[in-house]
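A.B. asks: Sequences and hints are given; from them, build the entire structure.
Just add 26 to wherever you are in the sequence shown, counting from 1, and you've got my numbering.
Keep in mind that a hint or two might mislead.
No more than 25 Å apart at the CA atoms, straight line, and that leaves these computed lysine to aspartate or glutamate pairs for DMTMM-like [stated by the list, open to error]: (1) K90 to E104; (2) K76 to D91; (3) K113 to D85.
The hints are simulated quantities; they were obtained by calculation from the structure and are not laboratory data.
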Amino acid sequence: MPLQTPDAGIRFRALWRLCFCFIVCLMLSACRSPQSSSKTANLPERHELKLEHLVVRSDFEISKDDPLLAELSDLRTEVESTLHLPKSSRPVVVHLFSDERSYAAYMR
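C.D. replies: This is how it looks when you write it as structure tokens:
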């Protein structure tokens, strides 16, 4: 078993956050309720990365070649087939916060 570097733990937590956000966004993709303007102002939007059917907005820069994004894209296909959901042409928008504190502040 290879030793984990501190970056591996951060990347693992980021993967789970990405997966959780992706699943929530996918489940809510049929809903069209407007977001309140007070929360929208606090969403991470400094960096934006667009893939086929995925838009990732974050407070930090992410490489388009990051393996976590490939896994997230594959997860969409897996969730659609597992839940027998129709394929959607609308992109899934994922917001990644730089740390837990900024996420908690957004949730208040």
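A.B. asks: Given the proposed pairing of K76 with D91, does the C-alpha separation stay at or below 25 Å?
C.D. replies: holds, 12 Å
A.B. asks: Holds or violated: K90 and E104, Cα atoms, limit 25 Å.
C.D. replies: holds, 21 Å
A.B. asks: Check the hint pairing K113 with D85 against an upper bound of 25 Å on the C-alpha distance.
C.D. replies: Outside the cut-off at roughly 29 Å; violated.
When each numbered hint is compared with the structure, a violation occurs for hint 3 only.
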